[in-house]
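So the sequences go chain by chain: A and B.
Terminal number for the first sequence in this note's numbering: 237, no gaps in between.
Terminal number for the second sequence in this note's numbering: 702, no gaps in between.
Misleading hints may appear alongside valid ones.
[Claimed, not checked] Reference excerpt, derived from the structure (chain B facing chain A, CB under 8 angstroms, subset only):
id : residue
1  : Glu-415
2  : Val-592
3  : Ser-599
4  : Pro-695
5  : Val-696
6  : Leu-699
[Said to hold, decoys possible] Under the rule of at most 20 angstroms between Cα atoms (straight-line distance), these lysine to aspartate or glutamate pairs were calculated in the EDC-like manner:
id : chain 1 : residue 1 : chain 2 : residue 2
7  : B       : Lys-692   : A       : Asp-74
8  : A       : Lys-19    : A       : Asp-62
9  : B       : Lys-638   : B       : Glu-434
10 : B       : Lys-308   : B       : Asp-498
11 : B       : Lys-692   : A       : Asp-78
12 : A       : Lys-17    : A       : Glu-226
13 : B       : Lys-308   : B       : Glu-488
14 : B       : Lys-545   : B       : Glu-477
15 : B       : Lys-692   : A       : Glu-226
[Said to hold, decoys possible] One-sided excerpt, in silico: chain A residues whose CB lies under 8 angstroms from chain B:
id : residue
16 : Phe-30
17 : Ala-77
18 : Arg-79
19 : His-97
20 : Glu-101
21 : Leu-105
22 : Glu-106
23 : Met-110
It should be emphasised that the hints constitute simulated quantities derived from the structure, not laboratory data.
All residues carry an ideal CB built from backbone N, CA and C; glycine is no exception.
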Amino acid sequence: MMATHLSAVGVEKSYRKGKTQVPVLHGVDFEIEHGELVAIIGTSGSGKSTLLHVLGLLDAPDAGSVVLDGRRIDNQADRQRDALRNNTFGFIFQFYHLLPELSALENVMMPQMIRHGFWAFLRERRRVRREATALLERVGLGHRLHHLPTELSGGEMQRTAIARALAGGPEVLLADEPTGNLDASTGQGVLDLLRDLNRERGLTMIMVTHDAHIAQQADRVVRLAEGRIEEWAPALA
Amino acid sequence: MYKYLLCWRYLRTRYIALASVISVMLGVATMIVVNSVMAGFAEKMRDRLHGVLADIVVESEFDMNGFYNSKEVMARIESVAGNQVEAMAPAMETYGLMQFRYGGQTFTRQVQVFGVRPEERARTGDFAEFLVDEKGKRIKPSFEVPESLRIASSPAGQVIEGDPNSAINQLLRSEALEQVPDDGAVIGWAMGTVHREGKDEIILHRGDTIRVIYPRAGQKPEPGADDFTVVGYFKSGMSENDSMHIYVPLERFQHVRRLIDEQGRGAVNQIQIKVRPGVNLDSLKETLQTALEDLRPMYFRVATWEQKQGPLLSAVAVEQSILNMLLFFIIAVAGFGILAIFSMIVVEKTRDIGVMKALGASTSGVRGIFLGYGLLLGAVGSGVGMAGGLLFVHYINNIEKWLSNLTGRKVFDDSIYYFNEIPTLVEPWTVCWIVGGALFIAAAASVWPAQRASKLQPVRALRFE
Numbered sequence: 001m002m003a004t005h006l007s008a009v010g011v012e013k014s015y016r017k018g019k020t021q022v023p024v025l026h027g028v029d030f031e032i033e034h035g036e037l038v039a040i041i042g043t044s045g046s047g048k049s050t051l052l053h054v055l056g057l058l059d060a061p062d063a064g065s066v067v068l069d070g071r072r073i074d075n076q077a078d079r080q081r082d083a084l085r086n087n088t089f090g091f092i093f094q095f096y097h098l099l100p101e102l103s104a105l106e107n108v109m110m111p112q113m114i115r116h117g118f119w120a121f122l123r124e125r126r127r128v129r130r131e132a133t134a135l136l137e138r139v140g141l142g143h144r145l146h147h148l149p150t151e152l153s154g155g156e157m158q159r160t161a162i163a164r165a166l167a168g169g170p171e172v173l174l175a176d177e178p179t180g181n182l183d184a185s186t187g188q189g190v191l192d193l194l195r196d197l198n199r200e201r202g203l204t205m206i207m208v209t210h211d212a213h214i215a216q217q218a219d220r221v222v223r224l225a226e227g228r229i230e231e232w233a234p235a236l237a
Numbered sequence: 238m239y240k241y242l243l244c245w246r247y248l249r250t251r252y253i254a255l256a257s258v259i260s261v262m263l264g265v266a267t268m269i270v271v272n273s274v275m276a277g278f279a280e281k282m283r284d285r286l287h288g289v290l291a292d293i294v295v296e297s298e299f300d301m302n303g304f305y306n307s308k309e310v311m312a313r314i315e316s317v318a319g320n321q322v323e324a325m326a327p328a329m330e331t332y333g334l335m336q337f338r339y340g341g342q343t344f345t346r347q348v349q350v351f352g353v354r355p356e357e358r359a360r361t362g363d364f365a366e367f368l369v370d371e372k373g374k375r376i377k378p379s380f381e382v383p384e385s386l387r388i389a390s391s392p393a394g395q396v397i398e399g400d401p402n403s404a405i406n407q408l409l410r411s412e413a414l415e416q417v418p419d420d421g422a423v424i425g426w427a428m429g430t431v432h433r434e435g436k437d438e439i440i441l442h443r444g445d446t447i448r449v450i451y452p453r454a455g456q457k458p459e460p461g462a463d464d465f466t467v468v469g470y471f472k473s474g475m476s477e478n479d480s481m482h483i484y485v486p487l488e489r490f491q492h493v494r495r496l497i498d499e500q501g502r503g504a505v506n507q508i509q510i511k512v513r514p515g516v517n518l519d520s521l522k523e524t525l526q527t528a529l530e531d532l533r534p535m536y537f538r539v540a541t542w543e544q545k546q547g548p549l550l551s552a553v554a555v556e557q558s559i560l561n562m563l564l565f566f567i568i569a570v571a572g573f574g575i576l577a578i579f580s581m582i583v584v585e586k587t588r589d590i591g592v593m594k595a596l597g598a599s600t601s602g603v604r605g606i607f608l609g610y611g612l613l614l615g616a617v618g619s620g621v622g623m624a625g626g627l628l629f630v631h632y633i634n635n636i637e638k639w640l641s642n643l644t645g646r647k648v649f650d651d652s653i654y655y656f657n658e659i660p661t662l663v664e665p666w667t668v669c670w671i672v673g674g675a676l677f678i679a680a681a682a683s684v685w686p687a688q689r690a691s692k693l694q695p696v697r698a699l700r701f702e
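Pulled out of the complex, with its shape left as it was, chain A reads as follows (with noise of 0.2 angstroms):
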């Protein structure tokens, strides 16, 4: 049995939208083991890109805790909580959000450009052009590295965000609808490249999508259902 590598106790959110309160998880509990990679689907407004959110410290929950390695992480201070975004969590968006005014290998510098302060980056640059650089080979991209984000395709925009978010070495990779923007081949090749990934470098993966399709090739698929969660057997879809 593996540890538990990434837990969610009992969170619970809700968005103020105009003057009523919109309750959108209530009290969830979610683990994830080391090197596991877990699809949570559901329905639109379910909630699963908010318990992606809150599990990658971008989003602070109302109620309950976030766990990592039995650390709690989600009440920490915004440098330590800045630090495990860029050390330990890798976002992947469904819209890519790259920065359009950078080139590819930018993008995929970013990570450790935020990491390092001015004149630690310009002693580390050549390393950090040659790890980008040998990213974006990895995600078939070797050829497009000086290319701005609109002269890439969707497919080449995803992957490039793929390579970026394991710029900063993370130890569990969040991904919000990777495909969700992306025809059916290129969403399949975006999604082997991510089981690829996991396998290879034994990273932790929490995929949300409201595909049961894809969230079939999932080591585990739970559903987010009014805002709890339940185990799904992928069996009975």
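With chain A fixed as given, assemble chain B onto it according to the hints.
Relative to the frame of chain A, chain B by itself:
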């Protein structure tokens, strides 16, 4: 590191933001040009004021008739500060009237009459540099009326023709010499000319006779009058002086004002002092004031030329500072432009800010991007503005010529100030202040948008789609 990269990229890709610094640029350029021209004018004006006066002036404060012991006073000055004094010149200054005939009419105007010794006066200031003839050419500092001038301008002299040694011509000649006063006077350029259609037209020629009316000495001042021959013009470039000053020989003036005592000493009410280079005027002034106080208490007033011209000089300084304040508002307005455009850019960049935060950027890091961007824009604006302003100042006279040709009328009428070109003076500190101020405003205008950007919650930023 990402901050600098992004600042740089934003600068190179957002042209709208560059447009917002055009106003900063224009503001900086305008301020540099205006300050340089005003400083140039002020400098020229100070030069001229200084030239008309001497470095230090000793006056009898409440006594227009002055003092007879000028030799004693000068000896006293010599004894306490001889090593600091280069030259001294006594003078008698009083208000009066000038009468002259032009076009068959008699004109009278108010004047300030100075009885001076021209050679001495020339040594204490720029008196000699300001003396010109009708054509504007420099002449010697002297009140002597040349015989040729007397003959040419007298009624008798004008009818002389043929052999100059003939009996009739000899007679006319002696007649002519009597018709023209022996003593010369130098009158202000603006008193001897009228300004018509951009040109100065001479109405009092050299050789013309003027009558000067002045108060005579005595308990009850009575008017006295004396005739002088115009021998030159005083053209300092300060209209106040050039329209009021009239210089006559000191001894003659003392005589006709009845200011010569039984020992034959003439009274003066001013002693002009030129000091050696590097002497501190204010401390010398104090020394002299104390020394002269011993000689005759509560009588003498010692003043530096700046104190004498205090109101005018401070008026110029006030003008310049008010103008600076007003112009700085231009840059402040530009600051609001930056604020508005920055706020828009922050909204536009909301998603990117969310991404950066998701990648681990800190609040202060995001703030730094926008603050740095603001500063960079300010630097570009004020840098280009500075270069433009300095270039404009450097070529201001060419630009003036070009504009005059283009519009067909003179932009800078040189006859008003008697400057043949626009004077400029670039003060490095002023330029530093202007550029620093513009940078500060640009940075200050980006504080609020940067603060807003840094406070964005990453999730809220990312949901913005």
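| Ascending list of hint numbers which this structure does not respect | 1, 15, 16, 17, 21
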